[in-house]
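Respectively, the protein sequence lines represent chains A and B.
Taking the working numbering, the leading residue of the first sequence gets 1, the next gets one more, and so forth.
Taking the working numbering, the leading residue of the second sequence gets 1001, the next gets one more, and so forth.
These are calculated hints, taken from the structure and not from any lab test.
Glycine included, C-beta positions come from ideal geometry on N, C-alpha and C.
Hints are not guaranteed to be accurate.
To be verified - Some residues of chain A that are not near chain B, with every Cβ distance over 12 Å (derived):
hint, residue
1, Arg13
2, Arg202
3, Pro255
4, Ala283
5, Val406
Stated by the list, open to error - Here are some, though not all, of the chain B residues that point toward chain A, as calculated from beta-carbon distances under 10 Å:
hint, residue
6, Ser1045
7, His1100
8, Glu1102
9, Gly1113
10, Gln1124
11, Gln1128
12, Leu1172
13, Pro1195
14, Pro1196
15, Ile1197
16, Glu1204
17, Arg1207
18, Phe1241
19, Asp1250
20, His1252
Residue strings, one per chain:
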Amino acid sequence: MIDTTKKLTPKERLAIPPQEMPAQDPMVRRRNMEEVALGYTEEQAHLEALRCLQCKNAPCVASCPVRIDIPGFISQIAQGNYKEALSILRASNLFPAICGRVCPQEVQCQSTCTVGRSLKDIDKAVSIGRLERFAADWERFHGELEVPPVKPPTGKRVAIIGSGPAGLAAAADLAKEGHAVTIFEAFHKPGGVMIYGIPEFRLPKAIVQREIEVLERMGVKIITNFLVGRTRSLRDLLEKDGFDAIFIGSGAGLPKFMGIPGENLVGVFSANEYLTRANLMKAYDRGKADTPIYPAKRVAVLGGGNVAMDAARMAVRLGAEEVFVIYRRTEKEMPARVEEVAHAKEEGVIFRFLENAKRILGDEKSRVVGIECLSYQLGEPDASGRRRPVEIPGSEHVIQVDSVIVAIGNDSHPLLLQTNPEIAVDKHGHINTDETGKTSMDRVYAGGDIVLGSATVILAMGQGRRAAASIHKFLMGK
Amino acid sequence: MVFPSMHKIVSKKQLSEEVFRLTVEAPLIAEARKPGQFVIVQRDSDYAERIPLTIADADPLRGTITMIFQTVGKSTHKLAELKEGEYIQNILGPLGRPTHIERFGRVVCVGGGIGSAPLYPIAQAMKQVGNYLIVILGARTKELLIMEEEMRALADELVVVTDDGSYGRKALVTEPLKELCQASPKPDCVVAIGPPIMMKFCAETTRPFGIKTIVSLNTIMIDGTGMCGGCRVSVGGETKFVCVDGPEFDGHLVDFNNMMLRLSAYKEIEQKAHEECHLEMQLKEMETAKRKGNP
Chain A
1 MIDTTKKLTP KERLAIPPQE MPAQDPMVRR RNMEEVALGY TEEQAHLEAL RCLQCKNAPC
61 VASCPVRIDI PGFISQIAQG NYKEALSILR ASNLFPAICG RVCPQEVQCQ STCTVGRSLK
121 DIDKAVSIGR LERFAADWER FHGELEVPPV KPPTGKRVAI IGSGPAGLAA AADLAKEGHA
181 VTIFEAFHKP GGVMIYGIPE FRLPKAIVQR EIEVLERMGV KIITNFLVGR TRSLRDLLEK
241 DGFDAIFIGS GAGLPKFMGI PGENLVGVFS ANEYLTRANL MKAYDRGKAD TPIYPAKRVA
301 VLGGGNVAMD AARMAVRLGA EEVFVIYRRT EKEMPARVEE VAHAKEEGVI FRFLENAKRI
361 LGDEKSRVVG IECLSYQLGE PDASGRRRPV EIPGSEHVIQ VDSVIVAIGN DSHPLLLQTN
421 PEIAVDKHGH INTDETGKTS MDRVYAGGDI VLGSATVILA MGQGRRAAAS IHKFLMGK
Chain B
1001 MVFPSMHKIV SKKQLSEEVF RLTVEAPLIA EARKPGQFVI VQRDSDYAER IPLTIADADP
1061 LRGTITMIFQ TVGKSTHKLA ELKEGEYIQN ILGPLGRPTH IERFGRVVCV GGGIGSAPLY
1121 PIAQAMKQVG NYLIVILGAR TKELLIMEEE MRALADELVV VTDDGSYGRK ALVTEPLKEL
1181 CQASPKPDCV VAIGPPIMMK FCAETTRPFG IKTIVSLNTI MIDGTGMCGG CRVSVGGETK
1241 FVCVDGPEFD GHLVDFNNMM LRLSAYKEIE QKAHEECHLE MQLKEMETAK RKGNP
């Protein structure tokens, strides 16, 4: 038994077993929408926090995209000061309840954790993300919502386009500085991908709404059903509506398709469409929602990222009997988070590695009845260092499915380009920005997926914050 | 600058058993919209569906837009239940690329059923730039014919047809269209808006004459802003997105058969919902009748 009341030696800390996150039983959760991971108990959080060595050089901080004082907040949790822990988190990241859940910590902060390195197993690093989530949830269950202080009004007005991670992060920083911030959202609800894309079972919508409520209490205005480029142009916002600067965080755009025969058959969906129907439009609630979702019993999901995992796990919950994830490389190369893959497997999702779709087959009514795949083997490493998948000639085979979900990423959004030719973009259609987040158009900044292509929630937030800092500097320099 | 968050219904008119006209407050859309564009309407944010509807007219001074729609399913029925003075929670727009308006010379606008509603602003704009405007309006039966007066006031020539001959000429719209193509001078441009099958046959009618034919597609859509990909259609062998690449396309290049099949994706679910919806409406009517009978 560890006596946690006295100061522990590093050796004692390393001896504390890593705390597993409690989760809903896979057989139960595969039929409900509720959150899968249940969060640490206070005791678990305490033990996990004690595992942190409080390294002076804090390699974890350097590998956090928003540079959270990680040893600082963990030390507060260890001492039971949850409110203080949360204040430290909020100083660098206004959305700890979100990031604690959806950040890929294993390739960020936890990848460089000294504990993981000492134990020669990255899975045994301090669970920084779970602790972050614990602190944020503690406030949700015990405390009053803490609204960060806002500086006196500067009289400057900033328009934010898109209410996803980049836009919300930019809005938070700008509002704190005393600028009047208005967010324009095309959908009827704010939150972007956190509302339409990431499912309830991974990120409960109530949590996103609560974080947005903090912003509103800081004075941020949110206008929904407003599509910049169509309802009003960028130029109108600057010239007619009197905004001093604009941040574009409109996110990823049109879903990519494979370009194989049969992709326009009935029963083929982009992951965006499938997840939006299920999440934002609540199609899973069949008794109440007016938006239908395609009834599928055998589903093939094409792709190996987090979105593919979300789509596959959603299909399970919507009643599919068998769900296949088809990925042309092996599990090792899959970009999805290890935790999501593990959860998907527990829920019965079947992974078919080293296979790739060649064409989708339909019946006489053009409804999907199968998918023809080719088998692959790994060849020489390619430019990315990953071994290139090489198709095996003659290995065509058919998997019987009645629905196919394509989750291979997004192209850039065409609308702002169509309507604002003065904004320079690269050959993929992503907006070009300088190192401050500024675009080629005066007073207009950008960040998130519209600049990066497909990225993560936290990277988008990092970009939003960077642009907010530049916008603040620009506004105050005037 | 005030951005309204709700849309009050300032007038509602039932044009036929299944067709309704709603004029709603939407000042920003009224100001920005151009012919050919559409909106996404959602009765309320909780469980309602987002449905694409065309804009039949707009009044930027009063800040209103007018939509004409047919009750084809649960969501359109629920929309039709709203009364004057009530609100629609969400309207997004204007969406899609505006119609390319040009002085082509002789323009034939073909409207089928409620397709005549979005056709009206296009016909107006075509006339305004100096085209000779011929309008063909068609409907299954007299009762379902809309926009006749408005089009008559606008067009240089107007032809009205009904499938059952209950009004105007007994014909499909393709008959007078074919005659116009055979006549001299030939039309320089045809715009056809209506049910997919009508647009398909209009395109087939003009194809042998090589007359540019624009069609406006109304597909399944969720966001309407280029995110979900549900609205994709095959045009000239390429996948296009109706919400951002359209809604108008070259009718000679659209794969109508695939589009019609894609439109049927939720047919069974929708039919069931629609029937339930009708049952509910009947129940309500019976209850109201009962209450009236026994005050």
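Evaluated hints:
1. Arg13: About 46 Å separates Arg13/A from the closest Cβ of chain B, which puts it past 12 Å; holds.
2. Arg202: Nearest chain B Cβ is 19 Å from Arg202/A, so the label holds.
3. Pro255: violated, 4 Å
4. Ala283: violated, 9 Å
5. Val406: violated, 8 Å
6. Ser1045: holds, 5 Å
7. His1100: violated, 14 Å
8. Glu1102: violated, 19 Å
9. Gly1113: violated, 23 Å
10. Gln1124: violated, 21 Å
11. Gln1128: violated, 22 Å
12. Leu1172: Violated. Min distance 25 Å.
13. Pro1195: violated, 19 Å
14. Pro1196: It is violated, given that the least Cβ distance between Pro1196/B and chain A is near 14 Å, above 10 Å.
15. Ile1197: violated, 16 Å
16. Glu1204: Hint on Glu1204/B: violated, closest Cβ of chain A at ~20 Å, above 10 Å.
17. Arg1207: violated, 22 Å
18. Phe1241: holds, 6 Å
19. Asp1250: With Cβ-Cβ at 18 Å, over 10 Å, it is violated.
20. His1252: At about 18 Å, which exceeds the 10 Å cut-off, the nearest Cβ of chain A leaves the hint on His1252/B violated.
Violated hints for the displayed structure, listed by number in ascending order: 3, 4, 5, 7, 8, 9, 10, 11, 12, 13, 14, 15, 16, 17, 19, 20.
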